[in-house]
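Just so you know, the sequences run in chain order L and V.
If you're matching positions, the first sequence starts at 1 in our numbering and goes up one per residue.
If you're matching positions, the second sequence starts at 1 in our numbering and goes up one per residue.
There could be a bad hint or two in this list.
[Stated by the list, open to error] Pairs of lysine to any residue, SDA-like flavour, derived with a Cα cap of 20 angstroms:
| no. | chain 1 | residue 1 | chain 2 | residue 2 |
| --- | --- | --- | --- | --- |
| 1 | V | Lys-44 | L | Ile-163 |
| 2 | L | Lys-93 | V | Val-14 |
| 3 | L | Lys-11 | L | Asp-68 |
| 4 | L | Lys-103 | V | Leu-165 |
[As the list claims (entries may be wrong)] Derived list of chain V stretches under chain L, where covered just means 3 residues or more per stretch with a C-beta under 8 angstroms from a C-beta of chain L:
| no. | segment |
| --- | --- |
| 5 | 4-15 |
| 6 | 19-26 |
| 7 | 35-47 |
| 8 | 80-89 |
| 9 | 135-149 |
Hints listed in this document are in silico derivations from the structure and should not be mistaken for laboratory results.
Where is the CB? At the ideal position from N, CA and C, for every residue including glycine.
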Amino acid sequence: MLIQILLAFLKIGFLGFGGGYAMLSMVLDESLKLGLTLHQFADLNALDMLIPGPIAINAATYVGYLVDGFAGATVATAAVCVPSFVLVPLFIKFKRTFAHNPKVNQFLDMVKPAAVGLVASAGFTLLLGVVFGADTLSQLIANPHAPDIFTLMVVAVCSYLHIKKNVNPILLTVVSGVVGFALYYVI
Amino acid sequence: MQKNVNWILFRSFVIAGTFTFAGGLAMLPLLQKEIVDKHKLMNKDEFLEDAIMAQTLPGIIALNSACFFGKKSNGVPGMLAAALGSILPAFVFMLLATILYEYIPQEGPLQMAFVGIRASAVAFIFAAAISIGQHSLDKIINWIMMITSFLVITVFNFQAPYVILFAGIFGIVYYSYIKKDGGKSSC
Chain L
1 MLIQILLAFL KIGFLGFGGG YAMLSMVLDE SLKLGLTLHQ FADLNALDML IPGPIAINAA
61 TYVGYLVDGF AGATVATAAV CVPSFVLVPL FIKFKRTFAH NPKVNQFLDM VKPAAVGLVA
121 SAGFTLLLGV VFGADTLSQL IANPHAPDIF TLMVVAVCSY LHIKKNVNPI LLTVVSGVVG
181 FALYYVI
Chain V
1 MQKNVNWILF RSFVIAGTFT FAGGLAMLPL LQKEIVDKHK LMNKDEFLED AIMAQTLPGI
61 IALNSACFFG KKSNGVPGML AAALGSILPA FVFMLLATIL YEYIPQEGPL QMAFVGIRAS
121 AVAFIFAAAI SIGQHSLDKI INWIMMITSF LVITVFNFQA PYVILFAGIF GIVYYSYIKK
181 DGGKSSC
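All chains, please: the whole structure from these sequences, using the hints.
Take a look at the structure:
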């Protein structure tokens, strides 16, 4: 069982482009193959909202534990981390070797602004989710509804305070949580 | 007295990892504050370049960035310290949560608290986009590329790896044949 966990999460790590949420469909496929139920996968998503850290690590720990206890959790987490330890040093070395290759630089020169677009879209997707409860823009257009006022305000205020006033993100995170907590009793 | 760089890296990533609820992208502002501004382990340009690459390579974005910043700051020991810092909180918290799952309340104020926290994360992701944007959006064509990649992902649901691949290929074509001034060295 441990070998299967290892292979599953190596695959997720090496083929997971675009960050955690993009990886999630692969996590689903592999989890089902390892014997998890759809219900357990849904629970993973719920837990991931509560637990900090990269979704891939949360997923690996959770799936690994359910399949094979502490050993499974450790193997899965280690496996999903391996690609980073391999690819990043390789890339740093590669960049040094190819630093003056014009084709490589031309390639990277357009990848960089594209990456900015990628990050912006990740933020936008999260915005759609927390404020409108929609997964995609097309979904929201198909079923338009009013934004959640609380989350909208949190996004606006935190954006202003952090981007314009340089307020510490940890402070903003904690305060947002406390306000949410308190609001439960008000609403 | 020189403070141990590995400890600084480890601690920065543990803090960032514990207080970030929307993945590696939301960690960037915090990490920039610690690594570039406060402890001056890297300069800002290199930090932002690496942040972009961490996002572009497959695997866990937060861990990729830990490996980049750690290795650039202090070689392999730095990389391991940073990586461990980013992995540990997620692993430990998730393990605890998975074991105790039945006892975590599904509704109530805690849920609202995390809604607030996720909403605040939107601000940090946008801040990260602005940060890396300032670094690479210096030409009109870059803005066009950024907006295009944002749109194809949010409106047309393109997958990240394809966007990056097409962007890179476009870069080679654009600079080789359209711009006709060879490859711009970006290193």
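Each hint, compared with the structure:
no. : hint                  : in the structure
1   : V:Lys-44 - L:Ile-163  : holds, 17 angstroms
2   : L:Lys-93 - V:Val-14   : violated, 27 angstroms
3   : L:Lys-11 - L:Asp-68   : holds, 18 angstroms
4   : L:Lys-103 - V:Leu-165 : holds, 14 angstroms
5   : 4-15                  : violated (count 1)
6   : 19-26                 : holds (count 8)
7   : 35-47                 : violated (count 0)
8   : 80-89                 : holds (count 4)
9   : 135-149               : holds (count 10)
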